[in-house]
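If you read the protein sequences in the order shown, they are chains A and B.
With the numbering used here applied, the first sequence covers 344 to 634.
With the numbering used here applied, the second sequence covers 214 to 429.
Some hints could be false.
Here are the simulated SDA-like cross-link-like pairs (lysine to any residue), alpha carbons at most 25 Å apart as the crow flies [as the list claims (entries may be wrong)]: (1) 289(B) <-> 570(A); (2) 289(B) <-> 620(A); (3) 290(B) <-> 463(A); (4) 290(B) <-> 570(A); (5) 384(B) <-> 265(B); (6) 290(B) <-> 567(A); (7) 384(B) <-> 397(B); (8) 289(B) <-> 471(A); (9) 289(B) <-> 500(A); (10) 384(B) <-> 258(B); (11) 384(B) <-> 232(B); (12) 289(B) <-> 504(A); (13) 289(B) <-> 574(A).
The set of hints was computed from the structure by calculation and includes no laboratory data.
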Amino acid sequence: MNHLSDLFLSPFQDFLFMRHALVACLALALGCGPVGVLLVLRRMSLVGDALSHAVLPGAALGFLISGLSLYAMTLGGLAVGLAVALLAGAVTRLTVLREDASFAALYLISLASGVLLISLRGSNIDLIHVLFGTILAVDDAALILVASITTATLLILALIYRPLIVECFDPGFLRSVGGRGAAMHFIFLVLVVLNLVAGFRALGTLMAVGMMMVPAVSARFWARQVWSTALVAVGIAMLSGYTGLLLSFHANLPSGPAIILTAGLCYVVSVVFGVHGSIYGRHRKGEHLEG
Amino acid sequence: MTAVVGPNGSGKSTLLKGITGILRPLGGHIERGGLRISQIAYLPQQAEIDRSFPITVLDLVALGLWHRLGMFGGMKKDLWEQAGQALASVGLEGFERRAIGELSAGQFQRVLFARVLLQDCPVILLDEPFTAIDTRTTADLLDVVQRWHAENRTIIAVLHNFDQVRSYFPKTLMIAREPIGWGNTTDILTPENLQLARQMSEAWDESAAACRRSQA
């Protein structure tokens, strides 16, 4: 019994930074879960990825101006992320390019300028911090930021849940009843950027999107409605956060990749054994409904 | 009840989209006789619905209540019952909890009709509602349409099956890029008119100048 608690509890009991990291992960999971599920449903899985890279130059700018300041980097990331989302939307609307194509072009431009900016000043260690994050150095201010973003995300999602869902699966109907589809789309993109920015401090810009997408994609195999899928995604994200932190503590691994790899393991299990549409589920003889 | 007929590309769908306000006219304006756009129910030809979306049949039907609930209004028990009744009246009782991905094309069209039913609008626009739908489902859905007609609703439907038009729709509008005729179905669906429509300038001109004819 003692041995078990050594393994699973004492890292968090003994070290403040582990507690901080855990709370940050749980808060991130709460916000990223539903946002990720909606991204998957809107067939925008890779847009989240693109946006997470787009955040980089903003964070780099903040870093150049005021060093490793939480607020400067967060504000910078937020501003550039939103700018890329807006620009991509504008290019999609005004030209023949589809949304994924315009996102791809813009995020690469953004990523390149970010790497350039960081290499101008600062050493490679800094670049690695920005890219991969330092969840074990999450301080009180960062925690408050993550928690605020999560709270705002959940409140806004609750508010625009219905039009957002309808915009996802039947945009024509929303238009015909006069719902504001474009506005919903934009608010949603803002939420995506906000959550990525919340995540990048802890997990790094490259890994932040992992907390959003991997649990969401896995959850699709376990639930059949939007809200239940989101719940499962939150559950998987929380579990990955906790297990990943333990792994990184005991095996002395970097926390970001440990967390995302744990989520990746959940993904593999879901793909193979999930209840709905998994490899196993498809090959099992389905029950044939009468009538 | 008015049927809109005409060859492909003659502008039938564009006409309906204009009426619902999805497309704005390039010139002129559309007179809706004092109706708000929210009083017009519209069932598009190929609804851009993601059929793999995880939503239940009943939830989809309940969207018909949008005008009464708006973005935030909560569903009450009696509203759920109404949605259930709408579903039952298109012959899909017991399908409430199914996911929409499990339905056949015909069943799915019934569900969309149930949603229109719940929208409870004085004007209903249907764009090729019976394309790729089997005879029995078509018959059932035509019954629903006739019930709407009996409730004094205006129904405008784009159709290709002239037998359906003749037996169910007293009025017909025939268009082939421009109006060919509008009136009693028997007067409009004449061999001469059909011939005219068939001759619709299929020749399209790559470098066509903007139309200068005065707006009719």
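Going through the hints against the structure:
The straight-line distance between the Cα atoms of residue 289(B) and residue 570(A) is roughly 19 Å, inside the 25 Å bound, and the hint therefore holds. Of the supplied pair hints, the one linking residue 289(B) and residue 620(A) is violated, its CA atoms being roughly 33 Å apart against a limit of 25 Å. In summary, the hint linking residue 290(B) to residue 463(A) is not supported, as the alpha carbons are separated by about 63 Å, beyond the 25 Å threshold. Of the supplied pair hints, the one linking residue 290(B) and residue 570(A) holds, its CA atoms being roughly 20 Å apart against a limit of 25 Å.
Proposed proximity of residue 384(B) and residue 265(B) is contradicted: the alpha carbons are some 38 Å apart, above 25 Å. For the hint linking residue 290(B) to residue 567(A), the alpha-carbon distance of about 23 Å falls within 25 Å, and the restraint holds. A threshold of 25 Å between alpha carbons decides the hint, and for residue 384(B) with residue 397(B) the separation of about 5 Å falls inside it, so the pair holds. Under the criterion of a C-alpha separation no larger than 25 Å, the hint pairing residue 289(B) with residue 471(A) is inconsistent with the structure, at around 53 Å.
A hinted pair counts as satisfied when its Cα atoms are at most 25 Å apart, and residue 289(B) with residue 500(A) qualifies at roughly 21 Å. For the hint pairing residue 384(B) with residue 258(B), the CA-to-CA distance comes to about 21 Å; that is within 25 Å, so the pair holds. With a C-alpha separation of about 18 Å, the suggested pair residue 384(B) and residue 232(B) falls inside the 25 Å cut-off, and the hint holds. For a cut-off of 25 Å, the pair hint linking residue 289(B) to residue 504(A) stands: about 18 Å separates their Cα positions.
Of the pairs offered as hints, the one joining residue 289(B) and residue 574(A) holds, with about 24 Å between alpha carbons and a cut-off of 25 Å not exceeded.
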